[in-house]
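With these hints in hand, go ahead and build the complete structure from the sequences.
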Amino acid sequence: MIESIQHKKNIQILANSSIKWDRTPAYPPDLNPIEDLWSDMKDFVRKKLCKTNEEINKTFKNITQI
1 MIESIQHKKN IQILANSSIK WDRTPAYPPD LNPIEDLWSD MKDFVRKKLC
51 KTNEEINKTF KNITQI
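In terms of full-length UniProt numbering, the sequence shown is numbered consecutively and its last residue is 66.
Hints are computed from structural coordinates only; laboratory data are not their basis. Errors might be hidden in some of the hints.
Said to hold, decoys possible - The calculated PhoX-like cross-link candidates involving lysine-lysine, where the alpha carbons are at most 20 Å apart (straight line), are:
(1) Lys-47 with Lys-58
(2) Lys-51 with Lys-61
(3) Lys-61 with Lys-42
(4) Lys-48 with Lys-61
(5) Lys-48 with Lys-58
(6) Lys-42 with Lys-58
(7) Lys-20 with Lys-8
(8) Lys-61 with Lys-47
(9) Lys-9 with Lys-20
Source: prediction; values computed, not measured.
Next up, the structure:
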């Protein structure tokens, strides 16, 4: 795979540069706070029953100002 080849090259570059590299553990998306925000925004827009792009944009602007 191209990705794994590139990954190996990047690891080698870091090793040659004396840069310490630690792997971070994977985490589920439900622990990512931004996912809660997107969920809340989608619910808010659904409740508003936006029919046009203009209504969606206006609702989005209102949400982001809260």
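Comparing the hints with the structure gives:
1. A C-alpha spacing of about 14 Å is found between Lys-47 and Lys-58, which places the hinted pair at or below 20 Å, so the restraint holds.
2. Of the supplied pair hints, the one linking Lys-51 and Lys-61 holds, its CA atoms being roughly 16 Å apart against a limit of 20 Å.
3. Between Lys-61 and Lys-42 the alpha-carbon distance is near 13 Å, which keeps this suggested pair within the 20 Å criterion.
4. Distance hint between Lys-48 and Lys-61 is fulfilled; the C-alpha atoms sit about 13 Å from each other, no more than 20 Å.
5. Of the pairs offered as hints, the one joining Lys-48 and Lys-58 holds, with about 11 Å between alpha carbons and a cut-off of 20 Å not exceeded.
6. Under the criterion of a C-alpha separation no larger than 20 Å, the hint pairing Lys-42 with Lys-58 is consistent with the structure, at around 14 Å.
7. Taken as a hint, the Lys-20 and Lys-8 pair is honoured in the structure, with Cα atoms around 15 Å apart against an allowance of 20 Å.
8. Proximity of Lys-61 to Lys-47 is assessed by CA-CA distance (about 15 Å); at most 20 Å being required, the pair is judged to hold.
9. A distance of roughly 15 Å separates the Cα atoms of Lys-9 and Lys-20; the hinted pair therefore holds under the 20 Å criterion.
In this structure, every one of the numbered hints holds.
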